[in-house]
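Going down the list, the protein sequences come from chains B and E.
Counting from 1, position 10 in the first sequence corresponds to residue 10 in our numbering; the numbering is continuous, with no gaps.
Counting from 1, position 295 in the second sequence corresponds to residue 295 in our numbering; the numbering is continuous, with no gaps.
In case anyone wonders, no lab produced these hints; they're calculated from the structure.
Heads up, a few of these hints could be off.
[Claimed, not checked] Derived lysine-lysine pairs resembling DSS-like cross-links, with alpha carbons at most 25 Å apart:
{"no.": "1", "chain 1": "B", "residue 1": "K5", "chain 2": "E", "residue 2": "K246"}
{"no.": "2", "chain 1": "E", "residue 1": "K195", "chain 2": "E", "residue 2": "K100"}
{"no.": "3", "chain 1": "E", "residue 1": "K37", "chain 2": "E", "residue 2": "K157"}
{"no.": "4", "chain 1": "E", "residue 1": "K163", "chain 2": "E", "residue 2": "K267"}
{"no.": "5", "chain 1": "E", "residue 1": "K270", "chain 2": "E", "residue 2": "K100"}
{"no.": "6", "chain 1": "E", "residue 1": "K163", "chain 2": "E", "residue 2": "K205"}
{"no.": "7", "chain 1": "E", "residue 1": "K205", "chain 2": "B", "residue 2": "K31"}
{"no.": "8", "chain 1": "E", "residue 1": "K163", "chain 2": "E", "residue 2": "K37"}
{"no.": "9", "chain 1": "E", "residue 1": "K270", "chain 2": "B", "residue 2": "K5"}
[Stated by the list, open to error] With the C-beta cut set under 7 Å, the calculated list includes, among others, these residues of chain E facing chain B:
{"no.": "10", "residue": "A172"}
{"no.": "11", "residue": "G173"}
{"no.": "12", "residue": "N183"}
{"no.": "13", "residue": "G185"}
{"no.": "14", "residue": "L186"}
{"no.": "15", "residue": "P239"}
{"no.": "16", "residue": "A240"}
Note that the Cβ used here is the ideal one computed from N, Cα and C, for glycine as well.
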Amino acid sequence: MQIEKAILAVITTNRSAIDGGAPIFICKNRKEAEDTAANLEAITDGIAHELSEELFIIVRH
Amino acid sequence: MNEYTLPILFGVIIGTVARILMLRTDYRQYPTYLHGKVIHVSLGFIAAALGSVAIPAIMELEFTAVTFLTVAATQFREVRNMERNTLTEVDSFELVPRGKTYIEGIAISFESRNYLVIITSFISTLVFLVWNVYYAMIAAIACLIISRILMSGSTIKDIVDIKHHQLHFEGAGLYVDNIYIMNIGLPERQEEILKYGMGFVLTPKNMNVITTIANLGQRQAILHDVSVTLGVFRDSGTPALTPLIKRDLDDGRIGIFILPQIREVDKAIKVIGAVPVLENAIRMPSESGSVKKGGNS
């Protein structure tokens with residue numbers, strides 16, 4: 001049931017909080033981040049998880 | 001025609017009838033229509049024939065003939081393999097897979113039903129030869145009833161209490177009662193889940209059950225059966241809408257999160273209750289010697 005997990009993308013509104021690794025999408029505000037996360041979720045067949053107000057990750061489960 | 005023709009014929013017919021009675025197409029949609037059934041009825045016929053000829057062979061002092069039964073055993077193990085392979089192949093295309101434990105359970109029951117057929121034919125023929133056809137009929141009916149009892153296991157409602165609980169979010173975390181299910185980031189997904197999802201909590205009735213319902217295969221079986229019976233609100237490429245079962249580590253309760261298309265609480269509770277307890281998931285820690293000695297089971 002569980003396949004290897006991988007972080008496919010990181011979406012944030014706070015550039016200073018992140019570094020390296022998966023593709024990073026920097027957004028101006030929360031609304032834009034949510035829209036980007038929704039699109040990326042649909043495109044990558046992953047799940048958008050919220051880590052904090054300003055940070056989303058897309059994970060393939 | 002000789003003295004054995006009628007008894008053998010009788011045994012074969014009773015055995016095949018037994019196999020047909022045990023072959024049920026129900027909500028699991030398995031076996032499917034004609035082709036699957038033809039395979040199993042034919043194998044049942046072979047099993048019946050093997051069971052029936054054993055007694056006449058012994059009566060004629062042809063003891064080596066009994067070794068045929070070992071051929072039968074190999075044959076029916078092959079049946080189990082066949083069922084397992086087919087179901088595993090098909091499983092990856094299910095929206096909510098059955099899971100390996102459930103498949104193994106189905107495969108085992110197909111094998112064991114063939115042995116039940118052999119025993120039924122064996123006993124019917126024996127009674128026919130020793131007494132007469134009327135006693136044989138009584139014996140055959142008794143065998144059919146016993147097979148029926150042997151093939152039905154217990155269901156989930158026998159071992160747990162099922163309660164409906166509203167789903168709720170704490171931040172991005174989805175909860176059923178106080179059991180954490182998963183993190184859903186997008187507000188629109190959260191709304192969908194609150195709208196279409198349902199939550200249930202299963203409370204184990206004793207300590208043996210805690211391990212049984214914690215079994216991942218048993219949990220997947222519950223999700224599969226519920227999704228088949230009540231429909232499922234998901235598609236390929238929507239992994240956020242995945243029915244899940246998580247466990248409360250404190251007391252072994254499990255929280256079920258499902259996305260049914262028919263959202264009726266009573267019906268859902270009935271369906272969850274009717275899920276079979278998988279043989280491979282049953283654990284009996286209370287039977288362990290060390291627990292018994294302690295006297296606290």
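Item to check | Which numbered hints fail | outcome: Failing hints, ascending: 2, 3, 7, 8, 9, 11.
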